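Construct the entire structure; sequences and hints are all you get.
These are the residues of each chain, in order.
Protein chains: 2
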Amino acid sequence: MSPPTTKPIHFFDITSTLPSPRQSWSPNTLRTRLILNYKSIPYTQSFISYPDIKPLLTSLHIPALNDGFLPYTLPAIIHHHHQPSDADSSSKADTTAINDSLPIALYLDHAFPTPQHPSIFPHGPTSISLAIAVQHLISACISRSRALIMPRVWNILDPRGQVYFRESRERGLFGGRRLEDVRPEEGGEEEEAMWMALSGEMEVFVKMLKGDGEGVREGVFFEGGKPGYADFLLVGFLAWFERCDRRMWERMMGLGDGGLRRLWEACEGWVDGMGEDAGWEIS
Amino acid sequence: MSPPTTKPIHFFDITSTLPSPRQSWSPNTLRTRLILNYKSIPYTQSFISYPDIKPLLTSLHIPALNDGFLPYTLPAIIHHHHQPSDADSSSKADTTAINDSLPIALYLDHAFPTPQHPSIFPHGPTSISLAIAVQHLISACISRSRALIMPRVWNILDPRGQVYFRESRERGLFGGRRLEDVRPEEGGEEEEAMWMALSGEMEVFVKMLKGDGEGVREGVFFEGGKPGYADFLLVGFLAWFERCDRRMWERMMGLGDGGLRRLWEACEGWVDGMGEDAGWEIS
Numbered sequence: 032m033s034p035p036t037t038k039p040i041h042f043f044d045i046t047s048t049l050p051s052p053r054q055s056w057s058p059n060t061l062r063t064r065l066i067l068n069y070k071s072i073p074y075t076q077s078f079i080s081y082p083d084i085k086p087l088l089t090s091l092h093i094p095a096l097n098d099g100f101l102p103y104t105l106p107a108i109i110h111h112h113h114q115p116s117d118a119d120s121s122s123k124a125d126t127t128a129i130n131d132s133l134p135i136a137l138y139l140d141h142a143f144p145t146p147q148h149p150s151i152f153p154h155g156p157t158s159i160s161l162a163i164a165v166q167h168l169i170s171a172c173i174s175r176s177r178a179l180i181m182p183r184v185w186n187i188l189d190p191r192g193q194v195y196f197r198e199s200r201e202r203g204l205f206g207g208r209r210l211e212d213v214r215p216e217e218g219g220e221e222e223e224a225m226w227m228a229l230s231g232e233m234e235v236f237v238k239m240l241k242g243d244g245e246g247v248r249e250g251v252f253f254e255g256g257k258p259g260y261a262d263f264l265l266v267g268f269l270a271w272f273e274r275c276d277r278r279m280w281e282r283m284m285g286l287g288d289g290g291l292r293r294l295w296e297a298c299e300g301w302v303d304g305m306g307e308d309a310g311w312e313i314s
Numbered sequence: 032m033s034p035p036t037t038k039p040i041h042f043f044d045i046t047s048t049l050p051s052p053r054q055s056w057s058p059n060t061l062r063t064r065l066i067l068n069y070k071s072i073p074y075t076q077s078f079i080s081y082p083d084i085k086p087l088l089t090s091l092h093i094p095a096l097n098d099g100f101l102p103y104t105l106p107a108i109i110h111h112h113h114q115p116s117d118a119d120s121s122s123k124a125d126t127t128a129i130n131d132s133l134p135i136a137l138y139l140d141h142a143f144p145t146p147q148h149p150s151i152f153p154h155g156p157t158s159i160s161l162a163i164a165v166q167h168l169i170s171a172c173i174s175r176s177r178a179l180i181m182p183r184v185w186n187i188l189d190p191r192g193q194v195y196f197r198e199s200r201e202r203g204l205f206g207g208r209r210l211e212d213v214r215p216e217e218g219g220e221e222e223e224a225m226w227m228a229l230s231g232e233m234e235v236f237v238k239m240l241k242g243d244g245e246g247v248r249e250g251v252f253f254e255g256g257k258p259g260y261a262d263f264l265l266v267g268f269l270a271w272f273e274r275c276d277r278r279m280w281e282r283m284m285g286l287g288d289g290g291l292r293r294l295w296e297a298c299e300g301w302v303d304g305m306g307e308d309a310g311w312e313i314s
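Line by line, the protein sequences are chains A and B.
By the count of this note's numbering, the first sequence reaches residue 314 at its end, each step adding exactly one.
By the count of this note's numbering, the second sequence reaches residue 314 at its end, each step adding exactly one.
Remember, identical chains collapse to one label, so a pair may be satisfied in a single copy or spanning two.
Using 27 Å as the maximum straight-line C-alpha spacing, the simulated DSSO-like pairs for lysine-lysine come out as follows:
hint, residue 1, residue 2
1, Lys38, Lys85
2, Lys38, Lys70
3, Lys238, Lys257
4, Lys241, Lys70
5, Lys241, Lys257
If you are wondering where the hints come from, they were derived from the structure by calculation, not from laboratory data.
Source: prediction; values computed, not measured.
Here it is as structure tokens:
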């Protein structure tokens, strides 16, 4: 019986005009990138333009995530895996194609287990509960960031992505207002009010990284000395600002007692890691 | 050198007119009660009326928690502990008096360690991060519950507590509106809208208890098979409704796939546990 063989994971990210390794910018896709890099999973990657996401997922038979405003989303991965069958010693070929960051995280952690690959849920169900809670808290931060950052996201997209993003976001998120009219003036009162609301939501992460309220804890991660998926959720969010609005990102880094900066610095290598670029023709 | 001796923990709860063991009703104080019962820490207890909380804490030299609307809060505990001094074999007497549920939780877990007492943070920093995240999420649920439950809280308070509660809450939370005018009509549209907002916030707990989105996980707790402080935060919140608004509580129990009910049932014994009643004269 031959040992199981696998082709690399293929990872679909959303493209931008930023030069590599900062081409990856989405808070959602970066979660998956961080996992692949942290777990040292070999992977190839394709950067996809916004209007191509739906045709891509349809061609991969990945169903719509929801019936809301954004039913087709990245990240997505494909995993071709050949496993020897127990029954007849012949090999069985399977292909898994999934999207949505949490299912991908659970899949990758299962498919690439310890001890070869460190777990992103190092404390089992506790880590998973923590990740789901943090994802919920990050969603609140993303909502609070919309008017601040969405107009800046547009700046870094490829031309086809810009057209799609403007049309869908202006209609779906901002009631038809132009992106240029949504972003408050830099340094003005309105921006300050939005920042206060956002940084208020982020206060919980400062507390969590501090741990026991006394500032005495080991390790820079939510789980202490070992990174986990919960960290990658927050770091993906921070990287979104780092890519799109460096001034606001600097402000974020200054929150609390430096815990966010320490977390960022510990994870930066996994934010920037890249797979091998591989073209992808959408059928 | 004689072994360390300790007097029981003394626990201050907020009183109500409900008969024991349901006399304890506050989502905040119940967190501490759950810890004491789960960890099998011997304790005495006093039930305090709202207007007596500030004089009590002042007499115990417990400072105001914040400069907000409710600076003096229960739960609070007192711990008299005699420990043999390393230096001279004489014994040293210490008294710890603290309030605020998370500092109390961290204190009790440290002062009553394993293996004699099971930990409420069984996965160390991961459990603490989880608890801080859940506390934040529960605060959002408490905010969403105010208009629904505060008028019902009044019903179960002692007469002095009722006067204090009405005055402080009508002024501090409801802009001077009477408690009777805040609660929407049972079964009406306004109540339904509030319920939808609240149950929407609670959706994250349903997901967390389900675990991996596939409904396959071991154990009924956030951390799998072992209860932790994060569970007690949610159960304290659920018990608040069970005590004050049984109809809404039944609706909560029906959320999701039964995970909240299973959690409740697993924790019910610790919700109802009582310490030995001990009078307390406020100096």
